[in-house]
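Protein chains in written order, with this note's numbering: chain A, 1 to 558; chain B, 1 to 182; chain C, 1 to 294.
For the record, the hints were derived by calculation from the structure and aren't laboratory data. Mixed in with the good hints, there may be bad ones.
[Stated by the list, open to error] Dumping the calculated DSSO-like pairs for lysine-lysine here, alpha-carbon to alpha-carbon at most 27 Å: (1) 247(C) <-> 307(A); (2) 6(C) <-> 64(C); (3) 307(A) <-> 348(A); (4) 307(A) <-> 64(C); (5) 247(C) <-> 6(C); (6) 299(A) <-> 515(A); (7) 348(A) <-> 299(A); (8) 231(A) <-> 539(A); (9) 398(A) <-> 108(B).
Quantities reported herein were computed from a predicted structural model and do not represent experimental measurements.
For reference, the chains in residue letters:
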Amino acid sequence: MLDIIKHVHHTPRTLMTAETNALPLSIRDLKFTYRIREQAAIENINLDLHPGELMLVAGASGSGKTTLMRCINGLIPRSYRGKLEGDMRLFGQSLADLTMAELSQQVGTLLQDPERQIVASYVVNEVAFGLENLGLPREEILPRVDEALDYLNIGYLRDRETFSLSGGEKQKVALAGVLAMRPRILILDEPLASLDPASAFEALELFRHLADEGISIMLVEHRVDDVLAIKPDSVFYMENGREMYKGAPDGLMAVADYHRIKLPAEYVLQRARSEAPSVFTPAVGENNGAGPQLLAQFKNVTFRYDKDLPNVLQDVSFDIHTGDIIAILGPNGAGKSTLVKHALGLLKPTSGEVLLQGESTRTKTVAQAAHTVGYVFQNPGQMLFAPTVQEELAFGPKNLRMDAATVTTNVDWAIETVNMEEYRESPPLALSYGQQKRVSIAAILAMRSRLLMMDEPTAGQDYWNYRAFMDSILQMPGFGAVIFITHDVDLALVYANRILLLADGQLAADGPPAKVMADEALLRRCRVLPTSLLHLNLKHLPQTGRLMRAEELAHAIG
Amino acid sequence: MKDSNMWSFGTRQVVYAAIGAALYGVFSWATNFIPLPSVGNVTFRPAVVIPAFFGVAFGPLVGFLAGGIGNVLGDFLSGWGFFWNWSLGNGLMGLIPGLMAASVVSFKDRGTITKAIMYAIGGVVVGMLFASLTEMFTSGIDISTALVGYFTPAAIGNAIVIAVLLPIVMVAYDAVAARSGR
Amino acid sequence: MLVTWKYRPRGTFLDSLDPRSRWITSFLILFAMVPIWHPYVMVGYFCLSMTQFFLSRLTWQETKRVWFFIIFLIVIVIGLNAIITGRGGPGEIQRLEPHVLWERSFNILGATWTPNITVEKIGFGITQMFRMMGTAVLFFIIPWTIDPSKYGVTFSGMGIPYRFAFSMDLAFRFVPTLARDFATTVDSQRARGYEVERLEGGLITQIRRVAPLIVPVVMNAIVNGEDITNAMDLRCFGQDKRTWIGKLQYRTRDYFWIGIGVAVFLGALYLNWGLNLENFFVPTWFYGLFGVVP
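Could you build all of it, start to finish, from the sequences and the hints given here?
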């Protein structure tokens, strides 16, 4: 058997297809139960994958997508133990008979976060890694590395350090490392999650191209909306570990739960008409009828890290008042995070100044600034350390030297506000990602900071979870204003009442979403891609007067 | 997945040895910029909890590499150069606590934590003794100088840091380990 | 926090050597010198190390930190050693009749302690200084002169199983990422009012205070490690045989370099057992400097 695999592997692709008429992948009655759980993670899965087919595998988190992928790429049962039942065949051969080395030359997997799969310091070593492991001779490896790099048009990255690459470049390098092994099936596990919209769009076009060249692709993604743009050949939709729909993409719109996965806005609009209208009223900045108060001011802020380096921020000025829900929108590298770090005084302006409730951040320590500004970093895992949620939440107030009674009151109130009473004594590190996100918000609440700033609040969460998360934050009492950084246009238009558009360190626009987003030329100039929801909103703008979510729009336009 | 043989060294061990080493190196270097507690000529380097913890959590070989390679990396980053005998000593500081890895049932169990601290302090003694005694041959110092000048300050500082931080890190890891699906 | 490796290509002879020959020769010279205490040989050893240092073309600016560190260490250690016993390694100077230059008795808790300074101790201290400098200089140039991306293939090429060697490469890969993560965590905690600069409370409290900085970084790295492990398994890591595309090849100059190491090693053996020049002694002229007649 080994000989056959070797033979097949070294045979040109065309020959091989002629030899084996079997489908690239065929799955019958697949069921898997993790060793540590009682309930099956996936059950009754049946699917066929054809040569050159681009299959979208959709579903919310917890739907079993990841488990299914692990069954196909062999991590189940080789790394993850449990009970595997059913039949899986790769070009007619049972998957169970293959070794990992044999399997991984047929099935290539691109994991979600390229940062967590790059294992080499240099691009050339990264791409060569799999081939090195197979023990191929150097003379064969190097041409294959160059071939994979050239194929993705990233030959110029060959000798770069992987650490210094952008997110989009990292993903292409990781993909090159997979392609160098010449897989015939490619599994892409939420490949868009860590990319900004422009890079995501580029990546999707590349995947389409790969499928057109004959590789069978299973693309796991909850951003169905975006994937439909590259016209997948089929869709496999899962909920709770079971198949809910299989077939042409169009059919998915009728069956999928549009609350759980992100469907194109037109379909949501149609389907939401028959539902009860949803009401969403943010509670940000409620102060018993008193007018808006000034919380913070940026005055001609210019910043560079070093006098020899270019400006990261260039003459940025704006005010933040109570009641503001501001989205800072812009591509990667526009200076979004740098801007927000100034509000807290983590960075001080090179020229100009930032005032917090009238006082310059130059004269304040970060700890003093934290009384006004609460900054939630992207990944909650980078701040959680305490043995219980309660202790985690007390950390901030204690640092701010609040007295014991105030600490207790604030912690109780914060836990209640984020609805986590039952987890009070739980270790935050054992919670799910979404729960950790809530703890990170509660940690800011407990400090009673008036201004909440969030860096990419939706990163790492699926559509359903991040919507619930954003809804609940904006409905929490206690924040005077909320600012969030995002590159997700829809997030900005649904939740913000003001948008700061940032490009190359400069403020390109500042105003209500309906005004900023209506200028499509401006958006494109700032490398922000309009979405189906934006187009739909703009179409009905004369009638509605503002931008809103598709469900709301359905009722607003009658 | 719990490996039955604590000396086995598969992909998982390769990865955690590298992570432990990189963490030890980075923390050793980063704490150059942070004021550290010190008493007399004993400085308390929080980073030393890393090899001990990686030993306890992932076995003796992972602990050894985390300590050994990590010390090399820390010296490289800080610009101290390269001192092979101290790197080996740091490796032992991770290896010896690793000898109890197979017996860990729960990382938050009081008995396990106590045992881990004992092993880790044993590791500090053996590791620092090794490094100090090799100085006798390379630098030509007397055993009492080795003990007073090198061993005692290093061992006391490291042992106290480990006794304080190892339980905290183990309890935190207990929560993380519960989330892994392997 | 951006980490930078000290290495950069300097176009020197040392750069052009195979890293394996660098390691082999360095250790050959180190082991050759361990048994020897002859002061003149130690000066020769120091000169040998310094020759390698000059070949590396490192500048004072690049290396001043390590020089200060080494000199500080040597002063402390030699001073301490001289005060405590003045003896060294194999107890060399016990054999010599002490010529006391200074002596004083202290009464500490009922015990009498009599530190002294003798000509022999000074002579020994100076020899020791050359020895320690020689050893430090022999090795400390390594981070500046060996390409960090070559460690895996170097150690694999020296017979270390490839899994261990790859751990080394992988550790180098993680360093910049984890340094960045650490900086993010420091910022996150500062945003929660944590003041890194402030040391307060007793010793235990002070040590505990670093937990919020290191625990998140460690746990995050461990969680991410699961994905890295999967990614490596999915690309067949762990087969019996592995190729390294980084190519190492011994060339004539490497044999020359290793030859120097071997020559020094054999020469030291000959000095030791052939000529019996291994022992420490104090030259007559040295006594003369202190006006002492041996």
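Results for each hint:
At roughly 40 Å between alpha-carbon atoms, residue 247(C) and residue 307(A) are farther apart than 27 Å, so this suggested pair is violated. At most 27 Å may separate the alpha-carbon atoms for a hinted pair to count; residue 6(C) and residue 64(C) meet this at roughly 13 Å. Straight-line distance between C-alpha atoms of residue 307(A) and residue 348(A) comes to about 14 Å, which keeps the hinted pair within the 27 Å bound. About 25 Å separates the Cα atoms of residue 307(A) and residue 64(C), which keeps this hinted pair within 27 Å; it holds.
Restraint check for residue 247(C) and residue 6(C): satisfied, since their Cα atoms lie roughly 22 Å apart, inside the 27 Å limit. With a C-alpha separation of about 23 Å, the suggested pair residue 299(A) and residue 515(A) falls inside the 27 Å cut-off, and the hint holds. This hinted pair checks out: residue 348(A) and residue 299(A) have alpha carbons roughly 12 Å apart, not beyond 27 Å. Restraint check for residue 231(A) and residue 539(A): the C-alpha separation of about 24 Å stays at or below 27 Å, so the hint holds.
Note on residue 398(A) and residue 108(B): the hinted pairing holds, with a Cα-Cα distance of about 25 Å set against a maximum of 27 Å.
Of the numbered hints given earlier, the model fails hint 1 alone.
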